[in-house]
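Trainee: The lines below spell out each chain.
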Amino acid sequence: MLEVRSLTKQYGARYAVRDFSHSFADGKITTILGPSGSGKSTTLALIAGLKEPDSGTVHLDERDITAVRPERRDFGMVFQNYSLFPHLTVQKNVEFGLRVRGVSASERTQRARETLALTRIEHLAERRITEISGGEQQRVAMARALAIRPALLLMDEPLSALDAKLRDELRAELRRLLAELAITTIYVTHDQTEAMSLGHEMIIMNEGRIEQRGAPIDLYHRPANLFVANFLGDSNVIAAECDAASGKIRLPFFSANGSKPGPASKCWAMIRPEAFELVEKEHADFAAIVESSTFLGNRLRLRLRAGDETLIVDTTNRISIAPQAPIFVRVKKEEIFTWSR
Amino acid sequence: MKTARLGIVALHCITWFLLAVVAAPILVVLAGAFLDPTLLGVTTERWAAQSSFFIPGWFGYVFQLYNRSLEFSLVLALLSVVVCLVVSIPGAYAIVRTDSRASRILEEITLLPLSIPGIAMSIGLIQAYAIVRGKWWLILCGHVLYTIPLMMRVITNALRSLDLDRLQNAAQSLGANAWQRFLFVIVPNLRHSIIVGSLLVFAISWGEFNVSYLLNTPLNQTYPAALYATYTSNSFAVSSAATTIFLAVIIPVLLALQWIGGREFSRPEQAA
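So the protein sequences, as listed, match chains B and D.
With my numbering applied, the first sequence corresponds to residues 823 to 1163, in that order.
With my numbering applied, the second sequence corresponds to residues 513 to 784, in that order.
Chain B with its partners taken away, still in its complex shape (with noise of 0.2 Å):
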């Protein structure tokens, strides 16, 4: 198992990774999620060797390798960038952690040949690197980070470079061969999507720290803060008032009985998009007008302005309405999250 404890970075006076501690569970995939500059590929090369931390151990299985070179870790590592070898062949690219080992060639063809054939690209063996496309290349670049039967895989953004039906492709893909292999990997996204459909267990980081981590779907339902509220789905945050005895909440437009009872009379109220429902005015919680819509295929976006406030909501796609008309909405006051501002 891989600990990390009380990692920390700094360049200058910033700190890129602060305090960072985790267990990353044996054979799972452990997403890390955050916004650029939030410290998590940093993270990820801590734990690669690739850069040294201020302070914090890494430890594997129990052994403290913060001191150990990279190039002793044996962690498989798949770049955003794939990082390939141009004066390599595919297969050459693959066998160079082998080739290093001092594996004999013929073992060396060999197990090329079986981590080819895992991510499907047996095909392309003989290819060089600039004659493949993307996607190939990133396959490449995890049959190589794989030939090295490795301890741990970390993968530092590794379909970002691919456009999106592609991305979805692989994202399948990688799902299906990860789950193949049980081997434990800490994946790096800024993609939430990603981070949610593919790790078991989810990171949220902001400016160095951990903000929340836990299942995705608790992470999206239960967000520890309004950082995470904010920043994992969509969502609508509004000033309002909480009463914490009697679980009111008073948001701009209207009361609500929420679930939630608020830690303080004055807090912001977070509500994601699907949680509203567009009703007859008999069920309404209250009226709005709709600025504009917007078709996004599986689902309608509205843009609404209930008094002052403009709230996102979605709805199904199969309704058509007209800008300015007026409109009844309800909240499920379940779905309701508060925090003290």
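These aren't lab readings, by the way, just hints derived from the structure by calculation.
A virtual CB, placed ideally from N, CA and C, is assigned to each residue, including glycine.
It is possible that some hints are incorrect.
Unchecked claim - Here are some chain D residues pointing at chain B (derived, C-beta under 10 Å):
(1) Ala522
(2) Arg580
(3) Leu679
(4) Gln680
(5) Asn681
(6) Ala682
(7) Gln692
(8) Arg693
(9) Phe696
(10) Val697
As the list claims (entries may be wrong) - Below 20 Å or equal to it, Euclidean Cα-Cα: the simulated EDC-like pairs (lysine to aspartate or glutamate) are:
(11) B:Lys873 to D:Asp611
(12) B:Lys1155 to B:Glu1096
(13) B:Lys873 to B:Asp896
(14) B:Lys1088 to B:Glu1157
(15) B:Lys873 to B:Asp841
(16) B:Lys873 to D:Asp675
(17) B:Lys873 to D:Glu620
Since the structure of chain B is provided, determine the placement of chain D on it from the hints.
Mentor: What follows is chain D alone, placed relative to chain B:
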């Protein structure tokens, strides 16, 4: 429209004229080397019938006369290439990797010999190493000093265009130690620049006159120095033949440089 056409015609004329100016001496030399001198009217000298089918007899004479110089210059040029490579690859790597103020100053110093006249450098070498004056390897030192700035330039530029950190990190994560990274990743990715730099160094060393002339001894005479001697003491036919031999070595090298340069430009962007 009409003036544009005229402009193009004028450009063509200028280009061809310049080409003719450049090519004329070479053509004259070739003519002198291969045609009967009496035919050209430059001499009344007659050569015995040692000529084989195409090669006139005076070529044999030149080989006899300057065999040693030819060999010496070839060895000198090849050794210059080797020494430059051995010094420049690790040197350039160290400079690019450290990228500090000191390393930039060091880089400037390696370029310094470019701005020193060959004569000054030769005198400097003689003054500084008077004790080894006349040794063949002092000439080698001169050639290396003269050519190393170019090699350094070529290699440092190539290293800067590589994404060193990325390649290093990838290799390191795969288990390669510093030596393996250097030998299996950095050097192979420099192969193109190593070839270009080597050809450049070879070409310059092969044609270098100033340093060679001032440092040469009768036993260690470079081919360009021999050419100078032949111009001052031999017939036009012999001089032309000697020059033709010089060109026969240098022209393929220049063509190779041209060819590789062209390939460089047509090469697709390195994706990885």
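Trainee: Compare the structure with the hints numbered earlier in the document and write down the numbers of the violated ones, lowest to highest.
Mentor: Going through the list in order, the structure violates hints 1, 2 and 17 and respects the others.
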